[in-house]
Amino acid sequence: MRKLKYSLLLSLITLLLTGCYDKTELEQQAYVVAIGVDKGEKENTYDLTYQIANPEVGSSITGGSSDEAPFELVTVQGIDFMTATATANSFVAKNITLDHTKVLFVSEELARSESFLRGMQGASRTSEIRRQVNIVVTKEDTRTFIETNQPQLETRPHKYYQLMLGRSTETGIVPQSTIHRFFQLTEGDADLFLAMYATTQGEDDKTEGNVDEYIAGQIPKEGGNPTQFMGAAVFKEGKMIDILNGEETRIALILDNTLDMKDLLVTFQDPINKEYQVAGDLSKKDETKVEVDYKKEGPTKIDVTVPFQLEVLAVPSLIDYTNHKKHREKLKESVEGELQETADALVKKAQEEYGSDPFYWSIYIRSQFKTIEEYEQADWNKKIWPNADVTINFDMNRIEFGKMLKDSDLEEVWD
Amino acid sequence: MFPFVKKKDKQQSNYKPINKKLATNDKYIGQLFSAKINSDFAVREIVARYSEEKVAIYYYATIVNGDKLYKGIIRPLLENVGKDLKEVVTLESINEVNTFEDVVEHINSGKAIIFENGNDTAYSVDIAQFQERGIEKSENESIIKGPKEAFTESLNTNISLIRKRFHDKQLINETHKIGERSKMEVNMLYVGDLVNGEILKNVKDRIKNITADNVRNIEILEQHIEERPYSIVPSILYTERPDNAASYIEEGYIVLLMDNSPACLVVPITFWAFFHSPEDRYLRFLFGNFTRIIRFIAFFITVFVSSIYVGISTFHSQMIPPDLLLAITSARERVPFPLILEVLLMEVAFELIREAGIRIPNPLGPTIGIVGALILGQAAVEANVISPIIVLVVALSGLTSFAVVDVSMNYSIRISRFIFIFAAGWFGMFSLTGAFLLWMMYLASLKSFGVPFFSPLSPGYKSPGNNLFRKIVKKEIWRSGNVQPKDIKKKQTN
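Same order as they appear, the protein sequences are chains A and C. Residue 339 in this note's numbering is what sits at position 339 of the first sequence, and the numbering runs on without skipping anything. Residue 454 in this note's numbering is what sits at position 454 of the second sequence, and the numbering runs on without skipping anything.
Where hints are given, some of them may not hold.
[Said to hold, decoys possible] Quick list of in silico lysine-lysine cross-link-like pairs, BS3-like style, CA-CA up to 30 Å:
| id | chain 1 | residue 1 | chain 2 | residue 2 |
| --- | --- | --- | --- | --- |
| 1 | A | Lys5 | C | Lys447 |
| 2 | C | Lys475 | C | Lys169 |
| 3 | C | Lys148 | C | Lys164 |
| 4 | C | Lys20 | C | Lys83 |
| 5 | A | Lys301 | A | Lys382 |
| 6 | C | Lys148 | A | Lys3 |
[What the hints assert, rightly or not] Examples of chain C residues toward chain A, derived with CB under 7 Å:
| id | residue |
| --- | --- |
| 7 | Phe315 |
| 8 | Gln318 |
| 9 | Ile328 |
| 10 | Thr329 |
| 11 | Glu333 |
These aren't lab readings, by the way, just hints derived from the structure by calculation. All C-beta atoms, glycine included, are put in the ideal place defined by N, C-alpha and C.
One chain only, chain A, in its complex shape (with noise of 0.2 Å):
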């Protein structure tokens, strides 16, 4: 029994060898909020930019100096996330975490070059990475995009990242972008990663267009932050191929079940005077259905069923929707023909242009084989998509008019 005793106590000893293995204090740590990757002067090194948080600014504890700069910007050249972490050591204090990075900012100009998918496998192999963390193309190279971005309001780093994340991101203007999603859709070798499109430098010629028909840099806008996040960037196989602008990534998010969208606002043709337009709240509640009949020979039928709901909230017109039946029949036929006809054109794009499609349809075939090697040989990128026979249609289920049902009479107001 004794003997147990010390043996036992003896054991318990030695794990206290262990002493605190990995701690560290918080003030030992310097919390990067935002990454950014060039490419390098080097073939296949890259440029890695970290932006680091002051935690004293903004943090109304003990209020800290608040003259210091909320963050710094370090750029030091390396082969991988990790690795650069050690060498930005050499002239940042303390201990560099990625563990709150928010974002991953790519300059397009990498991710229109193969080396991208090299530098984005480091990400997936570290624990320090959330695969969460979204990533965004910039336009710019990201040092200049992170030090141009200037937010007025969020003085804060991180926490700007977040609201400005989120929001674009329920307002389906931009996608949900996450790691997560880049390796599986790469992986799976089929469909396109659409990833956020962001900019800080504002285009001269601003083309005219529609609310959303924009990427970014071109929309016309005075005051507040140069940083415009609209758009999204279309990866094939891990490699950039082109942008689509915020109308195409609305449809795009409509289309794909596996992304989320909030309340959409959205402006359509007024079906009976053509000068103006009808703004609404696009909502959907359901799921798309996708049905998907497979033939070994002959294309693929795709049937596309995409229920919504309409808030409609402003009708400069002043046409009466709202109590005649004709005009709201007219109305639901000419947003969903508006719909569908953008949503034709994307899906025509994406079959003759790019070859795959941004939808994560592909998720809807796989049923229909028995073995991974059917579903390979089958070759949705190359033989099914491209030749697919795809019809889309939007189906409009409610249609709300807001609190007031009818406008002003003009004519009586003007008298």
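Starting from the structure of chain A, add chain C where the hints point.
What follows is chain C alone, placed relative to chain A:
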């Protein structure tokens, strides 16, 4: 087994029979009580009218009622006539005593002993009047809705308080004597046709096996009869509320009472008894359960908030939301100590305030508040000794610890908290989980007089369903099966 040995033993001590001659007896008693120097030991010698014999009355002047002595004993002896002494003395209780051992015991417990010349039997008359305070409100287990009475230091009052609440002919008050030098009475109250015989025997044996010179009160008794004196958790419930005690008796538990303690012991007991407050049952179903939830959260917070804070912020910074993380980090940038030391520092400081708060004389009471709140809370933060969030964490864990009503359980929880803080500081959540697991295993392995600590929840028994939550009163059909009452059905279902 050997009655003759026992007899010999008795004779050696005070088992001396009473002599017929008063003078001999008087001399012997004088020796026993050191009457010459024992100032409140009184003797009154008179000549009884009924027998014309000399009579001596012995008693302690400080523990008898003088009025009763005069009206009930001395005056009748002087004035009344009758056949024998029992007829003359008019008081309600009069007993014959034959040995000096009994004489000593009776005098010590506040009775007057009457010796008669020419009679080898003495008479003991109960005129005891020990000083005690009145029935007051319960101070440590206060409730809003429900009876407010609390036990006092008087045994008879306490029994009366329980009998008042539970009118049952089977409510038995069994008395055992303990202590070698000072014989004290332990009263066991239980319902004869409910209590489990084995448990009752177990408790009786433990009480009988106590070998101590003196067991003054119930608090000491608790330590004599408990199974694991080194254990971190108590195995006996200590309550000062008679209504609480009565409710346990009704369920088939045993209540122990002694003089000199304003409380009783309830055995056997489970974790739930420490978790419950009698008010849970006085409140309506929903309200009672609401307080249970709150109390459970308080239990959790008081045990874990400091350790989880230590664990997460020293090992798992990725689990903290960035806003909070940056706030803590900025606050910690000027703090000289590691985080675990910070937490320990404040926890110890809080324990100091608590200990000082109990011991501090009443007039100085407010000082502790000022010192505690101002010095430790504000000044320590301003001096950058600790970070403000630590004050929050420790205040939270300190405040919630008061939701653990039972004094003993309160200590268990507070000690466990330190164990968990050290565990968390060692390997983070990993070792904290491990420590918690071991702790739970230990608790689950405990037994109080043969009853598992977490029963009737685990292992499961038929029960009124009164563990974490309680049922509505109408639906409480069974008594707690874990104490194996003779009659498990609490109410007839119809």
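| query | Which numbered conditions among the earlier hints are violated in the structure presented, ordered from lowest to highest? | reply | Those not satisfied come down to hint 6.
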